[in-house]
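J.: Use these hints to put chain D onto chain F, whose structure you have.
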Amino acid sequence: MSETGTRRLRVHRFKRGDGGAHFDEFVVPAGPRTTVLDALRWIQLHADPSLALRHSCMHASCGTCGVQVDGQEELACVARLGDHRGDPVTVEPLANVPVLTDLVVDMADFFRRFGDRHPVLRASEAVAGAQPPDGLDRFVRLEDCIECGLCLSACPVAATSARYAGPAALSAAQRLLEEPRGADRDDVLAWAGRPEGAWRCHVGMECTRACPADALPAERIMALRRELGGREAGARP
Amino acid sequence: MSAAGTPGLPGAAERAAPGPVRHKGGAGGVRGWLDPRGRTIGGRSFALHRLTGVALVAYLYVHLGVLSLLLVGESAWSDFLGVVTSKGFLLFDVVLLFAVLFHGLNGIRVALVGSGYAVRHERALLWAVVAIGAPALAYGALHILGGL
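Residue numbers (our numbering), protein chains in the order written: chain F, 1 to 237; chain D, 1 to 148.
For reference, chain F alone in the conformation it holds in the complex (with noise of 0.2 Å):
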């Protein structure tokens, strides 16, 4: 980290069977290419060893390192933290999803959103013979779509609705109309017009801007609608 000044973070800490959540202050060195990552990882490592965090690939790919910085949703691994202006600039888990620990979120709540009865990986990703890990096969994978959780901690319908399924399984399911490798596009329609399915969104748009690979939640939620939409037309008498 190339260090020029320093720069304040206000840090969300919860420990379970510790008492309640809190934010805990950290002053780190900070230079013109530092990331909201690289702030966190000199926090573990020259002030607190306790706090906990995710993160893996380092450069967007993985998806594991979602937070929300200034209440935005970001990737702590490319948010610099000289894009925000706050002082103290504050760091929190992502929204919508419960807290494990700190900055960690439990993931398995973003995967139950998805349909469980829609094919897993692509058939091109498949290696014959391999065993894959128990429950895998309740996800849908979107091509494009990191899985980072952030455009449902973005999304302002899952703050009221916990049974939303949200954008990225939405988006899924629309892309698995386009592509259905053998699934049953009435079987992914039902699922998706479903009460917390693609009409429970509101339209804020938030997820498409939250998303860091560009997948398009929002636009797919709609085509999806429309799909919909057609679909309870022609079953009309």
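A hint or two may mislead.
[Said to hold, decoys possible] Interface residues of chain D toward chain F, partial, derived using beta-carbon atoms under 10 Å: (1) 21; (2) 38; (3) 49; (4) 114.
Hint data in this document are derived by calculation from the structure and do not stem from the laboratory.
Heads up, the beta-carbon is just placed ideally off N, CA and C, and yes, glycines get one too.
T.: Chain D alone, transformed into the frame defined by chain F:
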């Protein structure tokens, strides 16, 4: 192994319990609509649409309650009219007009975008809401406040 860890180990029960769900704006869900941090114009129009919707529903009930004054008699109604034609109440009418215009025009935008027909133009439609609504509000406000 699940996130809950192995049963029987110290802290397993605590880890098995679901963690708190945080929402924008704090713990309360509705505050998640209104927290302005990190929101773009789409999210803010969503929040305003909800607020004006709730306000219009509340106004409907107030309006029905006010109309019941007619059952009390002509003098009660005349007294009421005396109050609501004061400048202060007329400003409330302007706020009401804003709520009606924004909720109605943005509702058309939401319907067009939400049914998949104008998704690429959602931002332009929002500016159209402003372009139509602002002059209509200005005209209505002048009319209500006696400028026209």
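J.: Now look at each hint and say whether the structure bears it out.
T.: For each hint, the structure was consulted:
1. 21: 5 Å, holds
2. 38: Given a least distance of 3 Å, the restraint on residue 38 of chain D holds.
3. 49: Since the shortest Cβ distance to chain F is 8 Å, the answer is holds.
4. 114: Result: holds, 5 Å to nearest chain F Cβ.
In summary, the structure agrees with every hint in the numbered list given earlier.
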